[in-house]
Amino acid sequence: MNPLLVVLFLPLATAVFNRLFGARLGKGAAAGLACASVLVAFAFAADSVLGLAALPAASRQVLVHVYDLLDLASFRVGFDLLLDPLSGMMILVVTGIGFLIHLYAVGYMHEEDAGEYARFFAYVNFFVFSMLTLVLAANFLVIFTGWELVGVSSYLLIGFYRGKTSAADAGKKAFIVNRVGDFGFLMAIFLIWNAFGSLDFSAVLPHAAALSPGMATAVGLLLFMGAAGKSAQGPLHVWLPDAMEGPTPVSALIHAATMVTAGVFLVARCHAIFELSPLALGVVAWTGALTAFLAATVAMVQVDIKRVWAYSTVSQLGYMVLGVGVGAYTAGLFHLLTHAFFKALLFLAAGSVMHALHGELDMRRMGGLWRKMPLTCATMIVGAACLAGVPLTSGFFSKDEILLMALRGPHADFGLWLLGYLGAACTAFYSGRLIFSVFFGKPRDHHAYEHAHESPWVMGLPLVLLAVGSLAVGLLGLPGFLTHWQPFTDWLAPVFADLKAVPEASASRALVLGLMALYTGTVAVLGWIAWRLYTGEAAAHPADGEATSALHRLLWNKYFFDEAYGFVFVRALLGYSRWLWRWVDQGLVDGTVNGVAAAAQAAGDFLRGRVHNGRTRQYAAYLAAGACLLLGLALIYHR
Amino acid sequence: MFGVGFFLALAFALFAVGAFGVLTRRDPLVMFMCIEMMFNSGNLALVALSRYLGLASGHALVFFVVAVAAAEVAVGLGIIIAIFRTEKDVNVDHLSELKG
Amino acid sequence: MLSLIIFSPLAFALALAFGPWGGHKSARRAALVLSLAQAAFTAWVLWGGDFSAAGFQLQERLAWLPALGAGYHVGLDGISRWLVALNALLLPIAVLSSWNAVERYPRAHYALMFALQSMVYGVFLSLDMLQFYIFWEASLLPMYFLIGVWGGERRLYATVKFVLYTLAGSLLMLLALVWMAFLARTQTGHLSFDFLDWSSLAIPAGQQMWLFAAFFLAFAIKVPLFPFHTWLPDAHVEAPTAGSILLAGVLLKLGTYALMRFNLGLFPEAAHAFQKPVLIICLIGAVYGALMVLVQRDFKKMVAYSSVSHMGLCVLGLFSFTLAGEQGALLTMLNHGISTGALFLIVGMFYERTHTRDLSVYGGAVLKMPVLGLLFLPVALSSMGVPGTNGFVNEFLCLRGAFEAFPWAGAVAALTVILGAAYMLRLTQKVMYGPLGGAKMEALTDITTRERASLGVLVALIFALGIFPEGILSNTQPSVQAVLARLTPGASTPAAPAPAAGGEARP
Amino acid sequence: MGLREVLLAVFAFGALAFALAVVSTRNTVYAALEFVAHLLCLAALYCLLDAPLLGVLQVMVYAGAIMVLFLFAVMMLDIQETGRESAFQGPGQVAGALLLAALLFALLVFGADRFPAAALAPAAAPGAPGVGADNVVRVARALFERGALVFEAVGVLLLTAVVAVMVMAKRRLEN
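Residue numbers (numbering that gives the first Met the number 0), protein chains in the order written: chain A, 0 to 638; chain B, 0 to 99; chain C, 0 to 506; chain D, 0 to 174.
It is worth saying that the hints were derived from the structure and are not from the lab.
One or more of the hints may lead you astray.
[Claimed, not checked] With the C-beta cut set under 8 Å, the calculated list includes, among others, these residues of chain C facing chain A: (1) P226; (2) M291; (3) A323; (4) G363; (5) L366; (6) L380; (7) L398; (8) R399; (9) Q428; (10) G433; (11) P434; (12) S473.
[As the list claims (entries may be wrong)] Among chain C residues calculated to face chain A with C-beta under 8 Å, some are: (13) Q326; (14) G387; (15) F402; (16) G409; (17) A413; (18) Y432; (19) L472.
All values derive from a computational prediction rather than experimental measurement.
Idealized CB from N, CA, C, for every residue including glycine.
If we strip away everything but chain A, and leave its shape as in the complex, we get (with noise of 0.2 Å):
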């Protein structure tokens, strides 16, 4: 029994058991099965990541053959996990945060009845099943069904709350959208197959080079398509901000940390293809860049404090897949992995003053909350910091190793590198915005402040937790010239070795403490207006809807993106399609159907007015026509 199986199939277990006899077994019981489960998987990557460690840098990959799935005659696919050292990486972070946002959600889920508790970490655990198969397959076939179950977990805990109709939308809007990007992975594995005759890593990965340019371009889009579904890049962003619908550890778990990192996990993995098409990498950066860059703009406006973490997210998202777009794939990792540490952090303190205020989301009517809740704001203190990038802050180093290799990567941009650098304004700006109307000035509503109250132990020690993870993680993976104890980068060295040369920033010193200088200068003066904007007497919030000017309301309104796909997509689609039944199934095909039988009953009708009508003489002239017929037919064949 590999330890790896272990890690996958415990938490499976665990959900099936808790989902079926949860219920029964009351509230304790499922949350402590929940986690343990959680807890040992952890242990067990623990234990398998050193065992990984141990192997030499040329060889460190682990390669399980679970059961054959496919054997048709010419080529087999099997249920096979691969540990290497970028899956390490990941399974550490799905099972180590889950376990934290595990024990965050005990307290958070307390009000539900025993019934819909354990139904919650059933599917939370499932969720950890379905993400650990993505990161651990060895062939494209387990990477997409770890995909496409990633996200039925993801429609689950989104729609969690079965009675609202909005939760259900909104999980209903993430599984399609994530199916549109699922049709493009599809399609790109059926291109995989046709080209290499497998889909296993080992035999396509090591071959990319056999693609032909134009196929390789061809691959990479369609994995990148499956990607920004998944992670919510581009036009298929839209589905991000509605799944905050489900409660408030799944948003810190499914969409902060984890599985919206899939797609940036996916083309690190497939770099191999990525680096044979420069275009398909030119799109995933920019892709990348102006998605960094337009979310982030509009989490400034935004009021519900969950929202903006979710536009914050997509924004950060963004940062990674440019990362990788440029061709570093090590830095877009790194801020993957410090991202994971502080959006959960900041997700988990969002949740714990939602939990205090019973509900309360809305920012303008909250405010000098520090008082109240010293832990909650200590901690998300620490998350925005990291967010915005205040210097020393593991997100402050791993920002800047992205923009640094948008201006002087491989494939670097100073487009690219602008974008980021306006993002990284933005960003600044809008977490300022929300600590400040959050935790400090006058509170604006008396009531709600006087009612809230710090969070439970089982909720305020995973913050602690998280902040101080937050914080070390930075360490992992300071700039080259600092130290050059580069944990972080020798770790993922192996995987990435196939790289022509791993990719130094070809930059001075001088042109990265001058970068530093500027990025530290830029967080100071817009944290500034916002201190100024936020905690002064007239809050600077204008009520809902009464847009002040045109640029607010088009970003109030999210760029119209819901607006226009549920014009072009949901209204269209079904007009057509009911057009298409109005008239073509049932006028032109069944149309024809009864038309036929009814021509049929028709004619019936005429010959029989025709033929039978009394008319004796008529009778007679056909009878004599007849015989005139039968007498000729006779006289013809009868030679």
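Knowing the structure of chain A, use the given hints to seat chains B, C and D on it.
Structure of chains B, C and D alone, referenced to chain A:
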């Protein structure tokens, strides 16, 4: 000149005239006569062939044809008179109740 | 042994119809016991066959009309094995679904179901073409009465349309059968309707076209493929639950099975000639069917149109002439039978409680029926083709086959992946989630143990086939490869689009 | 062209002429009389064709009995000159009827040509119709020896006809 062909031709001519009469006349009595005419053309042909082939059975057949014709006329006229009793009009074109 | 499988349901039907079962309670209990016995017997016989080779097993032959060359000849091979198993599985479930639903003439109802069962066995197992034709037509009769007597309001229109439609198609097939028999006489000296004799005939290409077209029309109506599908929604809407389950679960498969066995088996050149047009019809059918589901108001019509879409995908796999496509098609027949059977079962459960199929009345059912909510999800996922359920495996293989043959066909067909998710989620959302939709929803009671048992079996199968597809694929492979060998002996299959480095070794 | 041929020609064309007359006259009574003349011509033809018995039969049964019945019917129905409007019904129908009649005639002639009577001649002529008294004996033998069964059948037919007419007549009396 007066071989069997001539008589056969005459019989066919009579048959055709009879058919024409049935098709065009609207008075049932005349139609009956034309039907009788067609019967007779048959008889003529039979007699001509009997003479030509030297057979007596032709004549026997004529016997039967005449008998049948007689029965047919009897029943036919009976019907016509019955119709006349109720309809007061025997024009064939007006009698079309027996329709499908 | 096979003849016993075919005719034992008939015997049971007679026993049920005229047996000593008084009320409707004893009749349904007897029907259940008999159907389970039948299923067990069939399973035992099927287990016997050894399917490592491609040939026909357990053959039985009887000279019936030697003058005509028509005999009684049955046989079983990898392809028909699992379809027979599906048939055996669905009967007990159908009986269970009519447990409370049918009060009028219960004995006749169950007897007809057994008769239908026997006819379907006949179609799947017969190797003599005349015998196949007889069973093919005979399978219409029980269905005619099932829909005609126990159906909904417009049942007469629906059932007459159903029977006449199929009949019209298969008359053309009869002509083709006779033509083939004479062709056999010209080539082998004696008139013959035997499928094995026909397989060895050298049919001139020109004639093959006509014969293929005639067969194809009859089977396309049954599948149903795009232009010939309008009878299916009407038949389903008016059919009782048991009727719908058997109609969707088994009768549709007669068409696809026959396409695979006869159209591909007997007429290779014609199959290649007709490949593109058929693919286009299937593509239209698949995408069009999915679009239709989006706009339906009636629960059953939605599921019926989804069947049209799934079946379009199945025949798409069939006509890709690739191993993946054929295996995918065969698997689609099985999985569609299970998942759509389950869907109709669920529709039946709702109909029993709310007596309406109009979706506007539904909403928030999961709050009142949590257990159904638990079981409904896997069925919906299977219909959408989510990995881990059986729906994914056959969809993946069919798309793979289509993609291998013509990448553009694969791409268009893959659209059904998105549309499938769209319509299934809309259905789930409309029925299960959201606030309780009015009085009818308040009165909902959760599903009883009987309903849980029948639905549970299907859900278990959905997961089992999803996780271990090899269980079925391994023993249908030899037979499918035999069909493929006949299809593409010399002709090279369409070249793979890219210069394959790894190289795709053709079977 | 002996006397026999002259008579044959006269009666043949006489029969044809009267036939045409029957078809074309408007008045029903004239039609009946013309039909009687037609029958007489035929009877004469029979006699000339060595079928004296038939000739006499024709005159007695056909001309005598059946035509008398016709005249009775004409009297009973007191048809008021139904033939006033044109005996025929518009050009279209007449043309059609003419076409059909011509077609019939052509086909029959063409047919007769196809099956020359000679082909029908039996090997031996068992009993030529004979002349005079011999003819009656032969016809009687043909009628009662070989055609006895048919003779009885015709008897039954006549009986049913009589019964039928009786039934119709009775109902007429009631109303």
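What are the numbers of the hints that this structure violates, sorted from low to high? Going through the list in order, the structure violates no hint and respects every one.
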